[in-house]
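Enquirer: Each chain is listed here by its residues.
2 protein chains.
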Amino acid sequence: MKDKAKIRELINQKSSFLLTAHIFPDGDNIGSLLALRAALQQLGKRVQVAVDDTVPANLHFLAGIEHIKRAEEITPDFQVLMILDSSSVDRIGAVQKYFNEQITVVNIDHHISNTGFGNIQYLDAAAAATAEIIFDLLVELNVTIDSAMANALFTGIATDCGFFKYANTTVKAMEIAGKMLACGARPQEISDALESKSLPALKLLARVLEQIQVAAQGKLAWLSIDEASLKASGASHEDTDGFINYVRFIQGAEVALLFREVPGRGVKVSMRSKGAIDVNQLAQHFGGGGHQKAAGCSFEGSLQEATERVVRAVEEQLRK
Amino acid sequence: MKDKAKIRELINQKSSFLLTAHIFPDGDNIGSLLALRAALQQLGKRVQVAVDDTVPANLHFLAGIEHIKRAEEITPDFQVLMILDSSSVDRIGAVQKYFNEQITVVNIDHHISNTGFGNIQYLDAAAAATAEIIFDLLVELNVTIDSAMANALFTGIATDCGFFKYANTTVKAMEIAGKMLACGARPQEISDALESKSLPALKLLARVLEQIQVAAQGKLAWLSIDEASLKASGASHEDTDGFINYVRFIQGAEVALLFREVPGRGVKVSMRSKGAIDVNQLAQHFGGGGHQKAAGCSFEGSLQEATERVVRAVEEQLRK
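Protein chains in written order, with numbering that gives the first Met the number 0: chain A, 0 to 319; chain B, 0 to 319.
Next comes chain A alone, as it looks inside the complex:
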């Protein structure tokens, strides 16, 4: 469903809005929220924005970020609840408490797994980012895209297609990003912010990279992060999210693995493949899942056990 026109009519009719998006916020949902907020304000609407989580420090550069509130700070006098970038309602956390019979719920998302909740939907699984859909909506609403909105939407698109590097990068995503550039988006500022790392995170990266391991004539490479090293470094679990990319980019590595000890939850394994093996199948074998080139699974037990089992399985696959 792409009820762009219905959303336009609803916005024209109503005066007060709450915008929200998924927990564990990222550049796409925060950028989308801020651009839509600015657009609705331009149309003279009252707008509140809530996210039931902490906004990561690397997104604090976005103009208007201070207007994103926690669920409990919201005044429940809005007529429309617009839910962005959330495949199901539970993804918005405590903001769910504001659901009631009087409000209209609008569901705007690009996840293929969207459950189709809400009274009006604008769903487009072909969009590389929710920001792409918000751009279409802004055109439909005939608002002027200023440099702050352009920066927010560029951030959304760049986040979800890895700065135009991932295979999900579409011609349309690049076209919109180009338009946002023309409207005043500042890619260097965005990339500086998105890629910023804390000093503890960088020191942890250094320590784990020194212990990088390879097998299968260099076709397999992996990193392990134990809880003691993480604690000693002062870095957070989230800081390690991108670490697998360092392994992935080793020349000759067909398969990259990242093993992370999570206290009380065993070992989290991330897997990347350049195509030589199907890591989705591999992850499924261990009770996880994902895609052919990017997947993951979890283990109860020690870091060493998890490492041995997965490494052995990948070696076998690579031998075939």
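Calculated directly from the structure, the hints in this document are not laboratory data.
Honestly, I wouldn't trust all of these hints.
Repeated chains share a single entry, so a pair holds when one copy, or any two copies, can fit it.
No farther apart than 20 Å at their CA atoms in a straight line, the calculated lysine to aspartate or glutamate pairs in the DMTMM-like style are these [to be verified]: (1) K218 / E188; (2) K164 / E188; (3) K164 / E194; (4) K164 / D25; (5) K267 / E194; (6) K292 / E194; (7) K319 / E139; (8) K68 / D25; (9) K1 / E139; (10) K267 / E307; (11) K218 / E194; (12) K292 / E188; (13) K196 / D145; (14) K5 / E100; (15) K273 / D191.
Small disclaimer: the values here were computed from a predicted structure and weren't measured.
Take the given structure of chain A and dock chain B to it, following the hints.
Expert: Positioned in the frame of chain A, the structure of chain B alone reads:
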């Protein structure tokens, strides 16, 4: 001068071409050469390509890379010498020996410092990459851009604007990249290749990141690479070219410095600023130069001396 039409006429009239570009080749000049080579072949021309240097391993993924020859492998029977992405003729190294009265020299470049050499020029300092100019030329020549050519041109644009992150990213660069995507460019393959690192390079990165230093309440951060560590790691000097980015991305760092010991040539200093100080001025003070946000200089003397002098100077500037 943008003599697009004259270049088209010349190509229509002549049958045999030598294409070349600057030494220390990169994604832009190699991508531009390969796309132009394919275009001329499509038009039924005989084409040789020479670069007086080793093509970096991370560009070997480009289709047709094996057709790039060294200067001495060229048969001197061509009528036209097309020089790409080279601000002056000395940048093409030994390929200069093929200059003579009989050939027509075409100069295609985007560097603002281009000396304007050659018989026909297509110079556009507003272009983010030479690949952008080659795209325009391919349109002028009315050739069909296949997926290999698209991949080569996307590589050129992505290289020179840092995958659309640098401040030189233009709307036109993004538009052309979008068109190349539509023609079959594969951004993930390109980014995987461009960002690939050797295991020794990664181990060296780990070692130097562990010794990252900060001053001025975290506003200044720097890395030093001594020759002994470099040799011990098995990495090459070129491997360290991107290391300054790790310093640049530290949260709170306004100025990033990279000190590299170069045997027999003293210490090479790279400087990056987010705007708090003008590193061009700073570099000029030490006999170097560059831009406001990216500059460099060289020192005779030890790594320690160079570090002390530059760090002190930056601290003074930051105190102002």
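Enquirer: Which hint numbers doesn't this structure obey?
Expert: 5, 7, 13
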